[in-house]
Every structure is written in structure tokens, then in C-alpha cells.
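With chain A fixed as given, assemble chain B onto it according to the hints.
Listed below, chain by chain, are the residues.
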Amino acid sequence: MDHVPTPSQTVGPFFHFSLTTAEHCIGCIAGPLVPGERVWLQCRVLDGENVPVPDAMIEIWQADAEGRYYSEADSENAVDPAWRGFGRMATGEDGICKFETIKPGRVPWPGSGLQSPHLKVAIFARGMLKQLFTRIYFANDPANQEDPVLQRVPQERRETLMAHMDAERPGHWRFDVHLQGELETVFFDV
Amino acid sequence: MDSLAQKKAAIQPYLRHQPGTQPSSLYEPYRATVLRSPRKPLVYLPHTLSEVTGPVFGWEGIAQNDNDLTRQHGGEPLGERIIVTGRVLESNGRPVPNTLIEIWQANSAGRYTHIKDQHPAPLDPNFSGTGRTLTDEHGAYRFVTIKPGPYPWLNHHNAWRPAHIHFSVFGRAFISRLITQMYFPGDPLFAFDPIFQSVPDEKARQRMISSFDLETTQPQWATGYRFDIVLRGPEATPCKT
Numbered sequence: 001m002d003h004v005p006t007p008s009q010t011v012g013p014f015f016h017f018s019l020t021t022a023e024h025c026i027g028c029i030a031g032p033l034v035p036g037e038r039v040w041l042q043c044r045v046l047d048g049e050n051v052p053v054p055d056a057m058i059e060i061w062q063a064d065a066e067g068r069y070y071s072e073a074d075s076e077n078a079v080d081p082a083w084r085g086f087g088r089m090a091t092g093e094d095g096i097c098k099f100e101t102i103k104p105g106r107v108p109w110p111g112s113g114l115q116s117p118h119l120k121v122a123i124f125a126r127g128m129l130k131q132l133f134t135r136i137y138f139a140n141d142p143a144n145q146e147d148p149v150l151q152r153v154p155q156e157r158r159e160t161l162m163a164h165m166d167a168e169r170p171g172h173w174r175f176d177v178h179l180q181g182e183l184e185t186v187f188f189d190v
Numbered sequence: 001m002d003s004l005a006q007k008k009a010a011i012q013p014y015l016r017h018q019p020g021t022q023p024s025s026l027y028e029p030y031r032a033t034v035l036r037s038p039r040k041p042l043v044y045l046p047h048t049l050s051e052v053t054g055p056v057f058g059w060e061g062i063a064q065n066d067n068d069l070t071r072q073h074g075g076e077p078l079g080e081r082i083i084v085t086g087r088v089l090e091s092n093g094r095p096v097p098n099t100l101i102e103i104w105q106a107n108s109a110g111r112y113t114h115i116k117d118q119h120p121a122p123l124d125p126n127f128s129g130t131g132r133t134l135t136d137e138h139g140a141y142r143f144v145t146i147k148p149g150p151y152p153w154l155n156h157h158n159a160w161r162p163a164h165i166h167f168s169v170f171g172r173a174f175i176s177r178l179i180t181q182m183y184f185p186g187d188p189l190f191a192f193d194p195i196f197q198s199v200p201d202e203k204a205r206q207r208m209i210s211s212f213d214l215e216t217t218q219p220q221w222a223t224g225y226r227f228d229i230v231l232r233g234p235e236a237t238p239c240k241t
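Just so you know, the protein sequences line up as chains A and B, in that order.
With the working numbering applied, the first sequence corresponds to residues 1 to 190, in that order.
With the working numbering applied, the second sequence corresponds to residues 1 to 241, in that order.
Chain B with its partners taken away, still in its complex shape:
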């Protein structure tokens, strides 16, 4: 068999999530899940090429300031300038190079540029709140942005989302695709937020919280936060005999 045929015949299955480390589809305190979650059992699927392959992206579509959200307009946005950096890794520790990361977030006042966001907080003409980049050969990425503000939503009385940045990451496989939210350390709103609380496992939940990092912080310029993202990876290194 040629090497491609070998690849196709021997699929390396991906890690299955441990119970409690991911949210369930239904989490009643987050009301919108009630009508948007399946109730019938999922059908267990062995991994095939369809599951363990995934889209490849080149540099097309990534512009110069796409990873610096403070330089996408004529002036500087208002708010606390921050650097967000980290690595994308697979669960076995292997870095994921050249993978697309897309982010979006509210401005420093807690308002999105999205047309449907009606929160009566000011828009910032110098801040769109969206960025994209590819990880480098070590799986590392870096964004410069503004710390987003918390904002109210209608889930329950006096509901506020903790400040967060949405992250969309591809990884190597269609089933490693992850959309998540990066939070900031010590946010007093964690205890009251059903989206954050939807992850039962405490250690897994902590994965979503970035850490303040003095080494990333630049004097007289911006504070730094580290946020490593761990994607599902193959169960074990394939045998090379």
C-alpha cells in the first residue's frame, strides 16, 4: 500500500470528551437551550476520514491589521489596551500550527457593533471588535485589542455576561472545531452566569479563564493575558512500524 492508502485504512481515533468537561446541550438556567437541544440519544459514530479531516486555510483573507483590533480605524479605540496571546494545542500536547483563529467581542462599554445589539451603551467609531489570525509554526497566536466590558442580557432578572472574547478555532479535524469564550481572571460575574456555569467540571471551566501575564505586559503600553486553547487530538501517537 502507498502511504496515502495506509492513512486511509488506519484512522487514528480522536479523544472522546470526559464526562463533565464540556457543557450539555440542555442547561435549563440558560433558557435558550430549552428549545434548541436534542432530547433523543446521540448516535455513537466511530471516527472515519470524514471526522478526522478538516479545512485547511492559507493566508488568503487575512489582512495586516486583522490581529490588531486597535488599528483598524483612523483613531484609537477607547478602553483598556490589552495583548491576548497563547498557543493552540491538541490534548496530547502537540501544537497546532497554521490554524485559523477568529475572535469577536464587545467594546469597552459592553456594546457589540452587531446590528441586533440594543444595549444602550455607546458604540466606538474606532472599534469593530473582530479579528483573525493564523497560528505560527509553534501554534502561537497574538492579538492586540481592548478589554471588553460586561453587558446585560435578558436571560433572567438583572443578568449580566462576564467580560469575554469569543474565540473560533479550527484545528486539524472537523470534530476538533471549537467555538468558545475567553474570560478574564477574578470576574465577579462568574457565579451568576449560566453560560460560564454550564460546564460542570471545575478544572475544565478554569480553562476558559485567561491569566494575567506580566511577561506579555508591555511597559507604558498594554497589559497582557495568556490564553492557551486545547483542542481534541488523536488518542495516542500512531505506531510507526
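This is chain A alone, in the form it adopts within the complex:
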């Protein structure tokens, strides 16, 4: 018999003193000892009027450089004792939060094949009754061409899932989340 899951409710405006204090936020997903291509990621959240959302929380979940998740359902051998693959930050007044991590490896697609490197993203905020799920892919990665998730996304909207590297600052990537509007980010029904 299945129990009905507890409904989600908004995180509200007052979560910071509990979830994202200096002690409990995680901006550094991968410290310098974790092997992999370094990624400095800047995320920005914008509302339906393109106004930065100053009270959102972003959570990121990712695999290591070998494409393994640190989880009971995947590898339990973390590459680094400090590695969890999990990050969580609150946006500032400018709607921005930043993460330091490594580019994940390719994760298996059920059955066979591989997914392109991606980060799982959940967005919480006042005015959001439940989190929205999206993914961050890395623009120009050749594996994006054959990614089975991107192939499910209408071609004209795939761009909303791409982080772009700053041409003048190698390793520095930007990703904008548009909650609504013409540039609305693709969110997933999971």
C-alpha cells in the first residue's frame, strides 16, 4: 500500500538563519584536492519580469569526475573524504549565488549509453510552493549532441539549460534561471 507523500510548502522568506548560515551553506562542492576540471559557477535567478530573485536557495547535486554519485545507489567510495557532490547557497540581492566545483563525468543512462556531463539543480524560494528541478549542461561539450535528456527538450529551448564559460576567464561559468517569461528555463517533471 502506498502512503500519500507529504505535500511541499514554500521555503518562505526566512530560511537563511537555518539553512544557509555560514556553517550550513555549501558553496564549495569540490575543494582543491578533488580531481577534475575546475568550475567556478555563477547562478542567477530571475522572475517573470526579469527582476533578480533575492531570496532563492539553489541546491546542486552532481557526480564526480568519473561520473559516480556518492550515494548508496551508486559508488560509496568517495574520491575525497570531503566530497559529497552536494551544494547549497542562497541568492544575494542581485539574485546571484556562486559555487566552486569540478565538471562531473558522464553518468549512465538506464539500460545503456551515457548522459552528457550535467549538474542537477533544485530551486526554492518564497513564492514557490515546491522546488523546481532543472539541469545545468556545459555549452559546447560534444556529448551534448547525443544526450538523451536534451533530446527530449524542444530544440529551441535547449539553450536555457546551458552554462556558458566566460571567454576571458577560463573555468568561470554562468547560468541564468528564468522562472518565467520568453526565456523561461526548462524545468523537468521528475
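Hints are computed from structural coordinates only; laboratory data are not their basis.
Note that CB positions come from ideal geometry on N, CA and C, so glycine has one too.
Just so you know, not all the hints are guaranteed correct.
[What the hints assert, rightly or not] Simulated coverage check for chain B against chain A, where a stretch passes if three residues somewhere in it have a Cβ under 8 Å from a Cβ of chain A: (1) 35–41; (2) 93–100; (3) 165–177.
Then chain B, alone, in the frame of chain A:
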């Protein structure tokens, strides 16, 4: 194939929510949803390792009084001392052990310690209003705290939130992650609160209301409330052949 390779090849999909049992992103009576909800259709995603794995937490970062919000300062906070206890379960009934629960709440006067809370009610120097714990091997947890007060907000004229405690729970998978609010039985503000009312299904809505529990209640000390949390779990037990 080794067992890990088998795990990766055969993903056990998670339960999908039944219509009406979760709020929609857009619920106009809660005004802030209007500009913060997507309008384009969500893209259906089959479950892969990325969806059905999730962060693992150890005891790091959990201090001794993190589950007793009445003992985090020099003195005792004002208000009605309560015990809040329950279990974290998956929808198939399986308990979720060792999962992180974080809570935050207003004090007995309805005021948060958050810098942006401007409600003209007193702060309590002996109450921060935040706690954390891990569930035990049976998925059980327990907090001691103070019953929060209702507080006003600006959503509509004379808007008041029913008393609630915010709960953040991880579970086994990134997609089982839940942030919700625990309410108290019989609150007269339910009927007027668009956040509570945003869940269409009556039975699902009742899941958010704790129940008074005489067994949890401690004589001469504190009243007790039970609040079980049900997370999405795998659709069915995997076949072990």
C-alpha cells in the same frame, strides 16, 4: 555484471505524485507565485541515477542541543514547551534512517530571528528557532521546542499565517527532497491561509497537520505532537532474482 553495474543498469523509478496531492507552482491567492511560476510545460524526465541518488550526511555539523531548541541559550525561552516527534517514511512504508532534518520557526510571539522579519512582536533572547537532527535507524526523530505563534504577512488584507514549523528533509534521492511546513491541529487560520490551501487534495493537506499525542506528552513538562513525514519512494520493491 557486478552488483554496482547492475544497480546502474536497472534504475528503480520513483513514485510520481498523484494529481492534486502537491500544490501547483501557480496558485494565485498566494500572490508571490504569480511571477515565480513557470508557464511553459515541464519536460517529462525518466528517472536516472542523477534523479534517484541524493546526498548522504554524517553526524558532522550536528551539535548536542541542535534537536532541543529550548536549550540553545543561557536561559529558557518563553512559551509553550512542546515535543515534536515522528518518523520519516517512503511512500511504500519503508523508513528512512540517517536522513537530515532541519527545522526553523518563529518564537512564541510569532517573530523570527531573521533580520528581514519586521513583525512588531518581541524577540526572545533565549530562542533562535532553528534545529537539526538525523533520523535514527527506524526513521524516527525528536525535537523539543516552543510552540510558534501565528504571524501577519502582507499577502492580502489582514493575512495571518497559521502557526507552523518549517521542515526540510532529504530522503534517499535528490527528487525525494522535501521542504514543507508542519501545522497544529484545529488552527482557525487554515481556512484563510493560501499557502495551506494551495494543496487541492484534502487527504494530502491533512498530512501537514501534526496530531496531539498524549503518549509523547510528558507530565509536568511538555505537550507532545506527532508528525510523520512521507517522502516519495521507489514505485515497488525491486525483484531480487
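Going through the hints against the structure:
1. Proximity of the segment 35–41 of chain B to chain A, defined as three or more residues with a beta carbon under 8 Å from a beta carbon of that chain, is established by the 6 residues found.
2. For the segment 93–100 of chain B, the assignment as covered by chain A is violated, since 1 residues bring a beta-carbon within under 8 Å of that chain's beta-carbons and 3 are needed.
3. Residues of the segment 165–177 of chain B lying with their CB closer than 8 Å to a CB of chain A number 7, which satisfies the three-residue condition for coverage.
Consistency note: the structure conflicts with earlier hint 2 alone.
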